[in-house]
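A.B. asks: Below, each chain spelled out in residue letters.
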Amino acid sequence: MENANNRSMDDYQRYGPALLRKARRMLASAADAEDVVQSVFVELVQRGRSGADLPYLFRAVTTRCLNHVRDAGNRRRLLERQEPALRGPVRIKCDDEVIGTDLMLKIVDRLDTDSAEVLVYRYFDDLTQDEIAELQGVSRKTVGARLARVREVGLVLLGGHDERKP
Amino acid sequence: MTSHGCTGEPISWLRLERYRLGELSAGERDVIAAHIEACTVCAACLYESERSLALPPLSLGGQDSRLSHMRRLLAGPTPAGAFLRLAFAGVALLLLVRPIGKPTKDELPSHRTGLGSKGGNVALDLVRERNGMVEHDATTFAPDDRWKVLLTCPTERMMFWDLVVVDGGQASFPLSPQAAVACGNRVPLPGAFRLFGAGPVTVCLVLASEPVDRNGLGPLDVTSLSDRGACTQLRSAEPSD
Chain G
81 MENANNRSMD
91 DYQRYGPALL
101 RKARRMLASA
111 ADAEDVVQSV
121 FVELVQRGRS
131 GADLPYLFRA
141 VTTRCLNHVR
151 DAGNRRRLLE
161 RQEPALRGPV
171 RIKCDDEVIG
181 TDLMLKIVDR
191 LDTDSAEVLV
201 YRYFDDLTQD
211 EIAELQGVSR
221 KTVGARLARV
231 REVGLVLLGG
241 HDERKP
Chain H
-18 MTSHGCTGEP
-8 ISWLRLERYR
2 LGELSAGERD
12 VIAAHIEACT
22 VCAACLYESE
32 RSLALPPLSL
42 GGQDSRLSHM
52 RRLLAGPTPA
62 GAFLRLAFAG
72 VALLLLVRPI
82 GKPTKDELPS
92 HRTGLGSKGG
102 NVALDLVRER
112 NGMVEHDATT
122 FAPDDRWKVL
132 LTCPTERMMF
142 WDLVVVDGGQ
152 ASFPLSPQAA
162 VACGNRVPLP
172 GAFRLFGAGP
182 VTVCLVLASE
192 PVDRNGLGPL
202 DVTSLSDRGA
212 CTQLRSAEPS
222 D
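Residue numbers (our numbering), protein chains in the order written: chain G, 81 to 246; chain H, -18 to 222.
It should be emphasised that the hints constitute simulated quantities derived from the structure, not laboratory data. It cannot be assumed that every hint is accurate.
As the list claims (entries may be wrong) - To spell it out: a stretch of chain G is covered by chain H in this simulated footprint if at least three of its residues, at any positions, have a beta carbon under 8 Å from a beta carbon of chain H; those stretches are:
| hint | stretch |
| --- | --- |
| 1 | 100 to 106 |
| 2 | 131 to 140 |
| 3 | 185 to 191 |
| 4 | 216 to 226 |
From the three backbone atoms N, C-alpha and C, an ideal C-beta is built for every residue, glycine too.
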């Protein structure tokens, strides 16, 4: 058990900064990002899992962040206290619109879990469709369909139209 | 969807992090290195990923209850929660910002925003860490304070920069710019600095399309330096501050 803890500590030291940056980009909150990353590693230790690679941890943090923002209390706090500087340079936009915290939360509400993950990977982590496919273990075509759904919802929210109406 | 400022498909943050960690194959590394060489935006992202980041200790002993307790405190409006949030921010030493345009009532006359010579809006935010407390728009400095700079400038631009501290007509340069920065909203500049002295100082961020020539800054007054970026003034802390 002690060895497993030590390995987890090593993983944390090695990958923690990258995961913190990733969570900060998405949550725009240093405190919440630390909380999420810590909780991922604590759970890994509890499960006795160590030696995870960065892509696995990247996905684990994404999932945890999405769960985090679905909580109403967390969401309210994030919107009130967001720190835009933590986002860093924005390289991928959706039809020339930056998907910030507020818009991301609204889009996530209308998406299934897998598509919400795609939203984060594409617009916050700048992953290519091939990278997303590899991370989610699905085909590129599936990723394309999920991305189309993200874009569709995003455009509806940006344009104020309801996609369910003709 | 579009990518902005990149010469092609941006190198994802995941690949940049793995590149930094040396986890990619030689072929992948070559591809990324070639892209970084040609793309200043992705180079700035790589630079961002290479900056040191304070990692809070991982609490593995009694972790479940301890973490849950911390999370409750962090989520709630209690004084302990507020203290914890401030402590976390202090440990991270980074980048809590306040909206531009909400000056504190005792703010000194300053020139926090200026019009860059390229015609776009430029704003300088200084973040002070004092005894673990992070404060924005502080107006006083003490020798033990640690300062970070947040830059706001028109997006899709890469700007060279330098930080100039003018004290009694003498200029000093507390940071060491290594590369241009990709503009954005409150972009943290690499490095932190301290301020010393008994009198007021002027802190200016100078921006340019080429590396800033420290010997060619011209007049060291607020107006001249503000024309090339943005300035703010700070005074030495009194014992009561």
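A.B. asks: Each hint: holds or not?
C.D. replies: Results of checking the hints against the structure:
Counting residues of the stretch 100 to 106 of chain G whose C-beta lies closer than 8 Å to any C-beta of chain H gives 4; at least three are required, and the coverage claim holds. Counting residues of the stretch 131 to 140 of chain G whose beta-carbon sits less than 8 Å from any beta-carbon of chain H gives 4, enough to reach three: the coverage restraint holds. Taking a C-beta to C-beta cut-off of 8 Å, the stretch 185 to 191 of chain G contributes 0 residues in contact with chain H, too few for the three needed, and the coverage statement is violated. Under the rule that three or more residues need a Cβ within less than 8 Å of chain H, the assignment of the stretch 216 to 226 of chain G is violated, with 0 such residues.
The structure does not agree with the numbered hints 3 and 4 stated previously, though it agrees with the rest.
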